[in-house]
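*Asks:* Required output: the full structure, derived from the provided sequences and hints.
Spelled out from the first residue to the last, the chains are:
Number of protein chains: 2
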Amino acid sequence: MHESLEKLKARLAEINDLNMAAALLSWDQHTFMPSGGAPARGRQLATLARISQEKFIDPAVGRLLDDLLPYGQSLPSDSDEASLIRIARRDYELALKVPPQFLAEFNIHIADSYQVWAQARPAGDFSMVRPLLERTLDFSRRYADFFPGYAHIADPLINLSDYGVTVSALRGLFSQLRARLVPMVRTITAQEPADDSCLRLHYPEARQLAFAEEVVRRLGYDFSRGRIDKTRHPFMTKFSLGDVRIATRVREDFLGEALFSTIHEAGHAIYEQGIAQVYEAGPLGEGASSGLHESQSRTWENLVGRSRDFWEYFYPRLQSVFPDQLTAVSPEQFYRAVNRVERSLIRTDADEVTYNLHVMLRFDFELALLEGSMEVADLPEAWRQRFYNDFGMVPEDDRDGVLQDVHWYGGTIGGAFQGYTLGNIMSAQFYEAALGARPEIPSEMRAGMFGGLQVWLTENIYRHGRKFTAGEVVELATGRPLAIDPYIRYLQKKYGELYDLN
Amino acid sequence: MHESLEKLKARLAEINDLNMAAALLSWDQHTFMPSGGAPARGRQLATLARISQEKFIDPAVGRLLDDLLPYGQSLPSDSDEASLIRIARRDYELALKVPPQFLAEFNIHIADSYQVWAQARPAGDFSMVRPLLERTLDFSRRYADFFPGYAHIADPLINLSDYGVTVSALRGLFSQLRARLVPMVRTITAQEPADDSCLRLHYPEARQLAFAEEVVRRLGYDFSRGRIDKTRHPFMTKFSLGDVRIATRVREDFLGEALFSTIHEAGHAIYEQGIAQVYEAGPLGEGASSGLHESQSRTWENLVGRSRDFWEYFYPRLQSVFPDQLTAVSPEQFYRAVNRVERSLIRTDADEVTYNLHVMLRFDFELALLEGSMEVADLPEAWRQRFYNDFGMVPEDDRDGVLQDVHWYGGTIGGAFQGYTLGNIMSAQFYEAALGARPEIPSEMRAGMFGGLQVWLTENIYRHGRKFTAGEVVELATGRPLAIDPYIRYLQKKYGELYDLN
Numbered sequence: 000m001h002e003s004l005e006k007l008k009a010r011l012a013e014i015n016d017l018n019m020a021a022a023l024l025s026w027d028q029h030t031f032m033p034s035g036g037a038p039a040r041g042r043q044l045a046t047l048a049r050i051s052q053e054k055f056i057d058p059a060v061g062r063l064l065d066d067l068l069p070y071g072q073s074l075p076s077d078s079d080e081a082s083l084i085r086i087a088r089r090d091y092e093l094a095l096k097v098p099p100q101f102l103a104e105f106n107i108h109i110a111d112s113y114q115v116w117a118q119a120r121p122a123g124d125f126s127m128v129r130p131l132l133e134r135t136l137d138f139s140r141r142y143a144d145f146f147p148g149y150a151h152i153a154d155p156l157i158n159l160s161d162y163g164v165t166v167s168a169l170r171g172l173f174s175q176l177r178a179r180l181v182p183m184v185r186t187i188t189a190q191e192p193a194d195d196s197c198l199r200l201h202y203p204e205a206r207q208l209a210f211a212e213e214v215v216r217r218l219g220y221d222f223s224r225g226r227i228d229k230t231r232h233p234f235m236t237k238f239s240l241g242d243v244r245i246a247t248r249v250r251e252d253f254l255g256e257a258l259f260s261t262i263h264e265a266g267h268a269i270y271e272q273g274i275a276q277v278y279e280a281g282p283l284g285e286g287a288s289s290g291l292h293e294s295q296s297r298t299w300e301n302l303v304g305r306s307r308d309f310w311e312y313f314y315p316r317l318q319s320v321f322p323d324q325l326t327a328v329s330p331e332q333f334y335r336a337v338n339r340v341e342r343s344l345i346r347t348d349a350d351e352v353t354y355n356l357h358v359m360l361r362f363d364f365e366l367a368l369l370e371g372s373m374e375v376a377d378l379p380e381a382w383r384q385r386f387y388n389d390f391g392m393v394p395e396d397d398r399d400g401v402l403q404d405v406h407w408y409g410g411t412i413g414g415a416f417q418g419y420t421l422g423n424i425m426s427a428q429f430y431e432a433a434l435g436a437r438p439e440i441p442s443e444m445r446a447g448m449f450g451g452l453q454v455w456l457t458e459n460i461y462r463h464g465r466k467f468t469a470g471e472v473v474e475l476a477t478g479r480p481l482a483i484d485p486y487i488r489y490l491q492k493k494y495g496e497l498y499d500l501n
Numbered sequence: 000m001h002e003s004l005e006k007l008k009a010r011l012a013e014i015n016d017l018n019m020a021a022a023l024l025s026w027d028q029h030t031f032m033p034s035g036g037a038p039a040r041g042r043q044l045a046t047l048a049r050i051s052q053e054k055f056i057d058p059a060v061g062r063l064l065d066d067l068l069p070y071g072q073s074l075p076s077d078s079d080e081a082s083l084i085r086i087a088r089r090d091y092e093l094a095l096k097v098p099p100q101f102l103a104e105f106n107i108h109i110a111d112s113y114q115v116w117a118q119a120r121p122a123g124d125f126s127m128v129r130p131l132l133e134r135t136l137d138f139s140r141r142y143a144d145f146f147p148g149y150a151h152i153a154d155p156l157i158n159l160s161d162y163g164v165t166v167s168a169l170r171g172l173f174s175q176l177r178a179r180l181v182p183m184v185r186t187i188t189a190q191e192p193a194d195d196s197c198l199r200l201h202y203p204e205a206r207q208l209a210f211a212e213e214v215v216r217r218l219g220y221d222f223s224r225g226r227i228d229k230t231r232h233p234f235m236t237k238f239s240l241g242d243v244r245i246a247t248r249v250r251e252d253f254l255g256e257a258l259f260s261t262i263h264e265a266g267h268a269i270y271e272q273g274i275a276q277v278y279e280a281g282p283l284g285e286g287a288s289s290g291l292h293e294s295q296s297r298t299w300e301n302l303v304g305r306s307r308d309f310w311e312y313f314y315p316r317l318q319s320v321f322p323d324q325l326t327a328v329s330p331e332q333f334y335r336a337v338n339r340v341e342r343s344l345i346r347t348d349a350d351e352v353t354y355n356l357h358v359m360l361r362f363d364f365e366l367a368l369l370e371g372s373m374e375v376a377d378l379p380e381a382w383r384q385r386f387y388n389d390f391g392m393v394p395e396d397d398r399d400g401v402l403q404d405v406h407w408y409g410g411t412i413g414g415a416f417q418g419y420t421l422g423n424i425m426s427a428q429f430y431e432a433a434l435g436a437r438p439e440i441p442s443e444m445r446a447g448m449f450g451g452l453q454v455w456l457t458e459n460i461y462r463h464g465r466k467f468t469a470g471e472v473v474e475l476a477t478g479r480p481l482a483i484d485p486y487i488r489y490l491q492k493k494y495g496e497l498y499d500l501n
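Here the protein sequences line up with chains A and B, keeping their order.
What the first sequence shows, in numbering that gives the first Met the number 0, is residues 0 to 501, in sequence order.
What the second sequence shows, in numbering that gives the first Met the number 0, is residues 0 to 501, in sequence order.
Think of the hints as simulated: they come from the structure by calculation, not from any bench.
Predicted, not measured: the structure shown is a model, and the values here were computed from it.
A portion of the hints provided could be inaccurate.
When chains are identical, the list treats them as one kind, so a pair holds in a single copy or across two.
Unchecked claim - The list that follows gives simulated cross-link-like pairs (lysine to any residue, SDA-like), each with its CA atoms no further than 20 Å apart: (1) Lys8 with Gly391; (2) Lys8 with Ala446; (3) Lys6 with Val249; (4) Lys8 with Ala45; (5) Lys8 with Ile50; (6) Lys6 with Ala103; (7) Lys6 with Glu374; (8) Lys6 with Ala45; (9) Lys6 with Tyr494.
*Replies:* Have a look at this one:
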């Protein structure tokens, strides 16, 4: 191997080790850490992040990358070595543009902002966070300005999580989607919603967790390279390709919480577990983008986990775990309950049909704030108006309105939300392609076998890690660029069976 | 504050953050990590250790320490600032003498050696580890040679865990102790051992853990700054003064395992939790030495946890947790069972009376190996002979002989064992002083109140962290240097009641 490549890999592995250590500290913070550990833990995480950043923006890394430029260009661009050099260079150039001092100040600001939000939300008091959010907007604009030449000020922020995706492309996709969704939501929500009372009985925690574990094991989550713990806000995290963990939560009065949260996070984890082992500890050894990641969590949660095929296998098993609650509930009743559509205030609780309207509201507001056509102070009122337009209802207070999501209060404004809807759109396009290639997938699922789907997804998406951009993966895996029609077809077929869509 | 002191503290806090992160990675490895995480975890731990070491031996640290030398000397030597400067300098000078290349090679060797031992022990095959142990001996001698001018070649190795303790001092203490213990062991083991069959019934795990938790909570272990998990080999670890954790293990066929392991580790943890908060993240914020630490784990485990006072409070509670097993067992029977003395092969299972003979065997062998008067190849036979002399019995194979302890196979030869016996000797001297100062401690304990003892220990030992050496702490807390007579008095009084000692 090229000597500089050996050196570069060693340096990147060292940085990866620091980042993975930080991920473990953060996992522990959200699962097992006693309250007394909090102050030191914050400092330890900041130290690891700083050292990792210092080691990455070291000019020695730049020299190695310069050395390797001709070598990388001499190789086929989809080779592992060329890809490693290309992606490492992309990350390096991006990191170099942001001054460490800016990052440090921003991280301190964000920690403050998060703390205030954690109090402002239960109090429903937007005025508490408003000045902080104004500073966040300022930081976000300054961040974008480190990347002069952007077409839209949000583009550099979107690049952080969905590399190569632009406002221009998103506006095209989202406006098409919106045009189809708004009438669909109106038509469906004018009808009687499905009865989901069977999900809202008492379901003891231990049996819920055991069932969720059985489900994700069968879907393909490898417990020899992972584990499930409890937490407040479900998440997936990774300490190496051999250790990809899930944290979930349980509500004893609602069966949908633990089950679908666990499947969702397992979807993220199955993606990470499927990345080629040779990418371990290097820049290719991660999911390609926020949108691509979300496409996989949503595939396993919704396209699989809320499908008739899935429940044909799992519902009798679930009934045997909860006989008192479910013996009298027919498979059809249950299927309708887990696919109930309704207008609701909270994004994370929203069903498949309404979900993207929540996302697009936030996306549009991010653009307006960054462009300067909306003021932070106007957010609460703008939220209520837009919500009324889209859903025909208004949140009672800001708790269930502008204060509901942590994203803006714990990160930048811009780049935080587009991945959710991109993921939904992608998920249907991938799934259609998978069914085209392996028409036996639905019958396999009805028999409790999910390996056929996992193999296709691994082969076409997972194994590549970050070698390709999400857009490239879509084209490679499905033969065409991302488009909304598979997603619309999916929604129309599924919900056309459950509701009158005309 | 002195500007260089500010800088030094920031640098040391950064290094501490790295070390604490490594401690969490190691804790996770021994509690929750799935097997697939192992390869990356080893690499991550090595990376953190290397970066921490690089940052510590940086000449910039030396310059700060040189800057601070006159300032430190101008302050009272027991002030926090003078102590911080003194201890940081001591650590720095020690670290500087060991070349990073040596450390790296040694760590790789030790990881190999540990792996081979893990297979050799169950196989009872000393020949597998012999060549590795010979290299370990060579590494240990080379380590000592980085500190020319030692009085005994083991002194620099002992300094690693028991700073300031010399072979010369240990030989004095240990030969006195041995002269008293050998006849005591002979006298006691010639008598019928206590019946401990009541400990060897079926005790369900969950109730054992719940009881152990109740006990250590009441002893003073603060769960808002700690937690208990399960593991293979019990340990205490720390991620900050606000997060000091225990890991324990359970045997359902032996009540003594979980209970006393948990109390032992809680003893270590109560010590760490008692260190002054102002020492957080600095060189003073740890226990002073291996011996001092062991004195506290043994105090809580043995002097408290195996005392009549302790069981007067806890035995009725234990009976109510395990009524089927213990209702018919009298308090006296139970007290005798947990204080059964017998000749046994395994150090970690040994009772209070025989324990130190196990330790002294190992200590003497370490000296002989380092001095060159014994060869590694001679160890198994020498073990059998010495064991026969001390205990009148011989292990059937090397599994229960020279292969039983991990120490030599996972670290240096020299410095590994003296702390255990030092701890026992210290524990009695501290305890006698505590009882002298607070004669009400036994009656408090009989009422389930352990705060009086904890306050004395915190005030006189724990809060100081590493400000003083262990020897200084003994003198400060008890008014005289370490001596064996309180320990002999303790054993004679306690075991004179249970056995005929004449």
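*Asks:* Failing hints, ascending?
*Replies:* 1, 2, 3, 7 and 9
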